[in-house]
Each structure stands twice: as C-alpha cells, then as structure tokens.
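4 protein chains.
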Amino acid sequence: MNKTTIVTLKEIELTDPIIIEGLPGVGHVGKLVADHLIEELNAEKIMEIYSPHFPPQVLVEKDSVVRLVRNEIYAYKSKNVDLLIIAGDHQSTTNEGHYEICNIFLDMAEKYNVKRIYTLGGYGIGKLVETETVLGAVNNTELIDEHASFGVEFKDGEPAGGIVGTSGLLLGLAESKNIDAICLMGLTSGYMVDPKSAQAVLRILCKALELEVDMAALEERAREVEKIVAKLQEMEQGVAPATPDDDLRYIG
Amino acid sequence: MNKTTIVTLKEIELTDPIIIEGLPGVGHVGKLVADHLIEELNAEKIMEIYSPHFPPQVLVEKDSVVRLVRNEIYAYKSKNVDLLIIAGDHQSTTNEGHYEICNIFLDMAEKYNVKRIYTLGGYGIGKLVETETVLGAVNNTELIDEHASFGVEFKDGEPAGGIVGTSGLLLGLAESKNIDAICLMGLTSGYMVDPKSAQAVLRILCKALELEVDMAALEERAREVEKIVAKLQEMEQGVAPATPDDDLRYIG
Amino acid sequence: MNKTTIVTLKEIELTDPIIIEGLPGVGHVGKLVADHLIEELNAEKIMEIYSPHFPPQVLVEKDSVVRLVRNEIYAYKSKNVDLLIIAGDHQSTTNEGHYEICNIFLDMAEKYNVKRIYTLGGYGIGKLVETETVLGAVNNTELIDEHASFGVEFKDGEPAGGIVGTSGLLLGLAESKNIDAICLMGLTSGYMVDPKSAQAVLRILCKALELEVDMAALEERAREVEKIVAKLQEMEQGVAPATPDDDLRYIG
Amino acid sequence: MNKTTIVTLKEIELTDPIIIEGLPGVGHVGKLVADHLIEELNAEKIMEIYSPHFPPQVLVEKDSVVRLVRNEIYAYKSKNVDLLIIAGDHQSTTNEGHYEICNIFLDMAEKYNVKRIYTLGGYGIGKLVETETVLGAVNNTELIDEHASFGVEFKDGEPAGGIVGTSGLLLGLAESKNIDAICLMGLTSGYMVDPKSAQAVLRILCKALELEVDMAALEERAREVEKIVAKLQEMEQGVAPATPDDDLRYIG
Chain A
2 MNKTTIVTLK EIELTDPIII EGLPGVGHVG KLVADHLIEE LNAEKIMEIY
52 SPHFPPQVLV EKDSVVRLVR NEIYAYKSKN VDLLIIAGDH QSTTNEGHYE
102 ICNIFLDMAE KYNVKRIYTL GGYGIGKLVE TETVLGAVNN TELIDEHASF
152 GVEFKDGEPA GGIVGTSGLL LGLAESKNID AICLMGLTSG YMVDPKSAQA
202 VLRILCKALE LEVDMAALEE RAREVEKIVA KLQEMEQGVA PATPDDDLRY
252 IG
Chain B
2 MNKTTIVTLK EIELTDPIII EGLPGVGHVG KLVADHLIEE LNAEKIMEIY
52 SPHFPPQVLV EKDSVVRLVR NEIYAYKSKN VDLLIIAGDH QSTTNEGHYE
102 ICNIFLDMAE KYNVKRIYTL GGYGIGKLVE TETVLGAVNN TELIDEHASF
152 GVEFKDGEPA GGIVGTSGLL LGLAESKNID AICLMGLTSG YMVDPKSAQA
202 VLRILCKALE LEVDMAALEE RAREVEKIVA KLQEMEQGVA PATPDDDLRY
252 IG
Chain C
2 MNKTTIVTLK EIELTDPIII EGLPGVGHVG KLVADHLIEE LNAEKIMEIY
52 SPHFPPQVLV EKDSVVRLVR NEIYAYKSKN VDLLIIAGDH QSTTNEGHYE
102 ICNIFLDMAE KYNVKRIYTL GGYGIGKLVE TETVLGAVNN TELIDEHASF
152 GVEFKDGEPA GGIVGTSGLL LGLAESKNID AICLMGLTSG YMVDPKSAQA
202 VLRILCKALE LEVDMAALEE RAREVEKIVA KLQEMEQGVA PATPDDDLRY
252 IG
Chain D
2 MNKTTIVTLK EIELTDPIII EGLPGVGHVG KLVADHLIEE LNAEKIMEIY
52 SPHFPPQVLV EKDSVVRLVR NEIYAYKSKN VDLLIIAGDH QSTTNEGHYE
102 ICNIFLDMAE KYNVKRIYTL GGYGIGKLVE TETVLGAVNN TELIDEHASF
152 GVEFKDGEPA GGIVGTSGLL LGLAESKNID AICLMGLTSG YMVDPKSAQA
202 VLRILCKALE LEVDMAALEE RAREVEKIVA KLQEMEQGVA PATPDDDLRY
252 IG
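Going down the list, the sequences are from chains A, B, C and D. Each step along the first sequence adds one to the number in this note's numbering, with nothing skipped, and position 209 is 210. Each step along the second sequence adds one to the number in this note's numbering, with nothing skipped, and position 170 is 171. Each step along the third sequence adds one to the number in this note's numbering, with nothing skipped, and position 179 is 180. Each step along the fourth sequence adds one to the number in this note's numbering, with nothing skipped, and position 128 is 129.
Think of the hints as simulated: they come from the structure by calculation, not from any bench. Since the model is a prediction, treat every value here as computed from it, not as a measurement. Treat the hints with care, since some could be wrong.
Stated by the list, open to error - Some residues of chain A that are not near chain B, with every Cβ distance over 10 Å (derived): (1) 78; (2) 101; (3) 156; (4) 174; (5) 223.
What the hints assert, rightly or not - Chain D side only, calculated, beta carbon under 10 Å to chain C, not exhaustive: (6) 99; (7) 101; (8) 104; (9) 129; (10) 130; (11) 132; (12) 151; (13) 152; (14) 155; (15) 161; (16) 165; (17) 168; (18) 171; (19) 172.
Said to hold, decoys possible - Dumping the calculated SDA-like pairs for lysine to any residue here, alpha-carbon to alpha-carbon at most 25 Å: (20) B/63 x B/25; (21) B/4 x A/3; (22) C/112 x A/6; (23) B/63 x A/126; (24) D/63 x B/142; (25) D/178 x C/50; (26) A/128 x B/58; (27) A/156 x B/56; (28) C/156 x A/111; (29) B/4 x A/156; (30) D/178 x D/13; (31) A/116 x B/204; (32) A/208 x A/192.
Every residue gets a Cβ at the ideal spot worked out from N, C-alpha and C, and that includes glycine.
For reference, chain A alone in the conformation it holds in the complex (with noise of 0.2 Å):
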C-alpha cells in the first residue's frame, strides 16, 4: 500500500443516489451529520480507501484493536432515496492527495450515475454562533431556490476566504463532470466540534432529502457541550472574582 488503495467491500445497486460527504474539517460539523446519518439509517460500508496522503497512523478502538486512519463509502437504499455517504477519520495531508481523492468519489459519482452532491462542513467565525444558521454555495444557480426555500442562506462571495478542502474542491471539480453540488455549512465558533452546528445543517438535509432522521443522539452531544461551554465560561469569569469578598475592599 505506496499508493491510495480503494478496496470494495461489497458491490450494489443504487437507483440515482446522491452523494453526502462529512469529512472532519471545522467544528467536525460535516463528519458529526455524516457520522450520525450512518448510525442512524443503519447505512452499510461498501468500500474503504486507503493513502499514504493519510497520516501514517492508526486508531485504537474498542477491546484495543487498531485500524488504519481511511475513508469511507456508505450505500442508503430506501422507497424515498438512495445515498452515498462519504465518511472518514481524515483529509488529505497534501493538496496533491486532496485532489487525487476527489477524483476517487468523482470515479464513484459517475459509476453510480450520481446526479447530486452534498458537501457537508462548517463555517468558523471566530466567537460563540447565536442563531443557528447554514450558509450556501452551489456549483449550479438551480440548486439555489429549491435549497433557499429549506432555510439555506445565499450570500454573494461568502466565505470570503473560499472553501478548502474536500467540500470545496468536489463542487469544484464535479462542475466539468455535469455533476450538480451544493455545500452546506453550519456557522460554528470554530473552536471546538460543534454538535449544534451538525443539527442544524442535518434539519436542512433531511428536508432537502425527503428523510427522517432521530436527532436524540444529536441532541444529546449537543447538551454535553454546552455544559462544558458554560463551564469554561464560569470559570474565565472566575479569574476576576464574581463575588468579592466586601472586607478585602477596604483593604489596600
């Protein structure tokens, strides 16, 4: 294995699936809806890719077994859709890896007949996100009014700063593939995985998707965080004592 290796675990048929990708990236927001969307529609893995524009590692899991750092292709068949669904413990550590791999689930796209992508990731702004929101951005004008109506905003140019990586470069490339792509990013502080930040971009993918999806686990990291927020915010306050003790005023 000196080279990326894409070993097929099962092959199947898929009636014009759409392709969801959730890579790790800011706030793993894509990675956690990838990840939950797996868990929860019980999706099965029907190919892993392995590369050496992986970091050279592994990951131990449970009773201490490793496994190499890949990615991962699950299939979704159901009356309403079929999906795809791109997961995985890493990106590319290189630009040129990140290039040879969108090129892998652009071979998978055509093979399948793949006529959507859904590029899931976040948007880091740099400070606590107040109102829940999901920017846009499309390789296709049509895809904007359908996505508009589901609450995804559209704003001229943003991200300022572009999209990098897997997310960005698939809209990019799937365009000379006639392949319509659509990324949906949850605004997140950027600071820290961001499971409010999931739920929110997994509301608008279900309704884009016709599915129904249990949030509850979601939801339920989502708390954890918040306490762990809240925590880290009453003690950044503590550094100046909230309440002074009245007679150390009268000192000094």
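Starting from the known structure of chain A, arrange chains B, C and D on it as the hints suggest.
Below, chains B, C and D alone, put in the same frame as chain A:
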C-alpha cells in the same frame, strides 16, 4: 485532474504579443495591475490552468457559485500592441510546481512567438512608502535604458533578497529561451493590498506599451485603502487618549 | 541512492521468527529497548535500509567516522525463539515514506514467514509517571488475554489520539497480511529519554518471548536520568527561595 | 526545466582532482571558503546545476540583471594539485533533492576519477568563539592522522547532532563509491556570517592541498564583521545606560 491541466478556451492569432504577468504576491501589486488591465482593456480569456500545486480550494463568487482556484491567460489585440496577460488566484504552493507552471507560461510564449515579458510585483520595505517608486530587474541589459527613460529605477543587486516566485522565475527561465523579460516592482509596505503602488507600476507599463488605460478604478481603491490606513493610525494614537478627561488628571 | 535502498548483509535461516520494532519516538522508549536487546543478545545485523525519506544527515561515531542515517535489521537465533529486530536512527520524515518503509518491513516479514510482530513505543502523558505502566494495542483480539497475563494494560480506545508512526502503521498494515501484531507502549512523561519506561516494556517483552536479558545497562541509564530529573526539580524549586532570609520578611 | 538540469559549460582534463564543496550553511563558513578560493585561484566554471529542489527564486546582480539560483562547479589546474570546487546559492530545500544533487556531485567525482573530497562547513556553538578551532569528521579513519597534523581536531561522536546537509551527505554517500572524504567544520557562533572561522578552515585546507592563497579579502571581511559585533555589544550594554545622569539618582 491529478496533474496540472491546461484548458484552452479559444485559439487566437496575435502579432508579436507581449506577456504581462500579474499573480498574487507582495501587496498584491502585480495582481491589481493585471486584473485592472483585463477589466479596462476588455481582454478575452483564452486559457485556464488548474493544478494540484494550487491550494485544494474553491472560491465563492456571485450568486454563491464556486469555482476552482486557477491561473488564467487573457488576450488583447490592438493597433499598437497585442498582449497575453497572466492572472490568477494563487501561485503554486510548492517549489516544484512553480517551475512546472512557469514552464507552461514559457511554452505559451514560444507558441505565440513572444519577444518580451513583463512580470509585475511588489517590493516590500516594511514601512509606509513616502515616494512612489518602481524598481526594475531584467534578464538582458538591453532593456535597462529604455525603461529607465520611463522612470523605472535600477539599482545594482536590488532587491538584495532576489525575486521569489513567478515574477522572478519567469525572468530566469525566459533567458534560456532568448526571450527578453523585465520585472517591475512597485515599492510597498508589504502590510496590505496596495493599489497606489499598483498605479505607479501601471503608469510605467502604459508608457512602455504605448497603452492608454483609465485608472479611475485603481484610484478609487487607493483612496479606500488610504482611509483605512488613516483610521488605523488614528486608532493607534488613540491608545494614549488624545483628549483626556481633565477631571481624571487630579485623581491619583 | 535517490530511492529507498535495501542492503542485504547476510542471508540467514530463521525458524518462525518474531519481529520486534523499536525506532526513535516518544521518550525513545522503543529505541532503548531494541538497542538494548541487540547489545545484550549479541544479535547480528543482516540488513540496512537507506532512504531519501530519512533526513539528509550523517552521524559521527567513534574516531570521528561518519555514516548515513539508516534503519537496520538484526537477527537473533536461540532454542526458545528467533528474532528479527528493527532498529534505526530516524523514522521517515514524510507520510509517504512511512508507508513505503513499513511495507519493506512487512515484505521481510512475509519472506521469513513471520507470524507475530511486537512494536515498541512510549505513550506520553505530559507529567512524570508515578507507576510503571505498559499499555497495549493489537490488530487481533486473540493477543489480548495472553499479554494481559504478562501485565499489559488494555483500555478501550486508548491512546485516544491513535498511534502515529511506524509502531502504529505496522499494526495496521500487518493485518491485511494476516500477521498478528501488538504495540507495547510504556507510559512516559514525553519530556525526556526514558530508560525506566523502557525497562517496564522490556520486562513484559521478556516474559512474552521467554527471554532472559540482563537489564543492568538500562538500570544504569535510568539512574542517570533520575539524577538529572532530581537536579531539575531542585533548580525549579530554587526559583522561589526555599529558605528565605527571615530578615527580609519585615521589609516592605 | 521541471527536473534537475546539468549544464556543462566546458569539457576539461584534470589529473586526479580533489573536490572541495562549500555551499551555504551555518555561518556561511563553507561558502566563504569556496567563493574565496574560486576568486583567488581564478578557477574556471565548467558546470551549472539548476533544480526545482532549489527555491523558485532569481538573484539580482550587477546592472539589475537576474539569474536563477543554482549550484556551480569550478575547475582549477596547477602543478601541485587539480581542484573541482562546488559552490552555489542554495542547498536543496527538500530531503529528496539533497540525495539527488549529492549523487550528481558523486557522478562527477567518478567521471573525473576523484580520490578525495573535502566538504566545508561551520559548527555552530551558540556563543562567540574564543579560540579558532576546526573540527573534522571522515568516512575513512586513514584520513585522521594526516589532517590532525595540520591542526584539525577530531573528537569521538562530535558534532553530537551529526552533520546535516550536503557536507555530511557527501561523506556518507562517497563511502559506497570508495572515495575518501573529510568534512572540515569551523567553529562559529551560528548567529552571523563568519569570515574569521572561514579563514581558519582555509588555512588548514591550504596546508592539506599545499596551496598558497592570499587571504586579504577574507581578513577584510572578518574585520568588518568584528566591527559590527563590537557595535552590537555596545548597543546591548547601552540598554542600561553606561553613563547615567548623576542628577537622576536623587529623584525617586
């Protein structure tokens, strides 16, 4: 697209065209000039270059539509002079890619029988620039007198650190193909985008090419940047309050 | 030598050898154990691996003689067990090289019909280690009970950050070749070379391999490091004077 | 020029030439010696090496004329000794390139039947050097006695960190081609260009090669650097005013 890819949009006939290169760099001086020329001359895009040596990134444009980062070649025909303008979002992120992409530009130069190349950039001096200055460097001493007469300054061994990136490399590599090349560097602080320095470079370029180009757009941007600089200077001085409350003077 | 180069020094016959890998890493725990084993068992060097993925560096040895940095394979034959020990000066400096060189180790494993691999390393916890602990991770759950009985601790999902570098990658890549592999990680501060942690790992390894190895040299090094740590702690406490001058207490 | 390119300027016949390598490095000691030798011996340039492993950069020279960064080979013929001197603007920026370019030097060594290589460098000790010292390292112990007699110091295992870059790699790689090689390292602070350390190295090299070389230019540069150091030391002491205003002592 795992390799650098050239997309030819249009075959065009040009008469002894001159290449102008203005990619992002110090103060974005070169990019400002190239983009301004393309706009004002209504130049026609004839080629796009995509490469895994660019960042794995898309830019979000009007209507939230993305496109892959790229370099672009524009053509301009007129009675006076024909031009090939090299513009783009990024320079290569790797040394190897710099050499590869510069060679693509030079292959194009040979194809179009180019006899002269102008590369444009900024020369960062680490402080605000008082007097508009354009420094020159050449790959053939015959270029010096002509351009000195247009106001370009030539100083032995300057810039002392050499010229890094496309603007320098094109000069060095063009020599072996017997193509004359000159780099015009606008003095700039190096701290921000500098449309004023771009104007200085453009003025000289217009003289050299006997071009007339409206500068209003660059002037407008220069005024905006000047306003921001003035505000920043005010804020900095504001750290020590400019109009202290007299009452406070008697306390402590 | 523009490519990774294997220099075979000796062809040797081994009976179901076990591989032990101990390259430089956290606390140099793995390297200390491997180098100690080679010394004490008087193992014979059979292979050297040179690579442009190692730093462009020579080491200066006895008599000021240099040699290229490299990885080395040593062989040891005994009635109880035959060993192939992987030692060296550096791990690969690139991700790609990590994969390439691990595959060289695994090709060797297949050639010698290896059925089990031990990879050795340190597990940095960011503070001084109070109780000697060796954490384990495996690529086959069948290895767990046996090694738990020797004192290896197994904890679900630990280390949480996975295992980076050769010690991890070998486990992950060995799986696809049906070779059992276990990583033994000595807890260590991560701040310095840790011969004490190496002793803990070696003790378990000796039980697992039914080997008897003199530990005096490692013990000696451990004592030296302990002296340095004690001195550092003294110096640190010395910043706030431990025995303040009583007189000073009444001033100010 | 997407690959490392060798430009042969002149075919020359040499009798058992000795290679001297002096590329930029710690204190630019090696480069100073090589450049000085080329100048004083009026050596003739016979080869240029260009490479994408060098920075994508041109240098600006006399008359504002640029040239690509490169390595160069100079030849010198005399009754006593024939030399091939390796000089240049940069070392490789990648590990892989280091190996590739060193192999180009060794191919040249084989072509010219070279039996001995001197690599020159600085050995940074992090403080001003009190006594002129030249440390040696070899790839063949037979070189030690001869060079110790010229004043080279040999210390087991020093430099402890090995020798990084061309000066080290050439020694290591030359061994496999049975070419004797010695690295002469002038002790230097490592904080600035050090012509004094270069003089120390050059003096030993001249003894070893039975060369007579005028040192005036290096001496002049050494005096200039000493003046700058003296000024810096003055400025540093000046932070606490050397001649405080007596009046101020009574205020506060």
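Hint-by-hint comparison with the structure:
no.	hint	in the structure
1	78	30 Å, holds
2	101	5 Å, violated
3	156	7 Å, violated
4	174	6 Å, violated
5	223	27 Å, holds
6	99	3 Å, holds
7	101	5 Å, holds
8	104	6 Å, holds
9	129	24 Å, violated
10	130	19 Å, violated
11	132	19 Å, violated
12	151	14 Å, violated
13	152	14 Å, violated
14	155	4 Å, holds
15	161	8 Å, holds
16	165	5 Å, holds
17	168	9 Å, holds
18	171	9 Å, holds
19	172	5 Å, holds
20	B/63 x B/25	21 Å, holds
21	B/4 x A/3	19 Å, holds
22	C/112 x A/6	23 Å, holds
23	B/63 x A/126	21 Å, holds
24	D/63 x B/142	10 Å, holds
25	D/178 x C/50	17 Å, holds
26	A/128 x B/58	24 Å, holds
27	A/156 x B/56	23 Å, holds
28	C/156 x A/111	43 Å, violated
29	B/4 x A/156	32 Å, violated
30	D/178 x D/13	22 Å, holds
31	A/116 x B/204	50 Å, violated
32	A/208 x A/192	28 Å, violated
Taken one by one, the earlier hints fail for this structure at numbers 2, 3, 4, 9, 10, 11, 12, 13, 28, 29, 31, 32, listed in ascending order.
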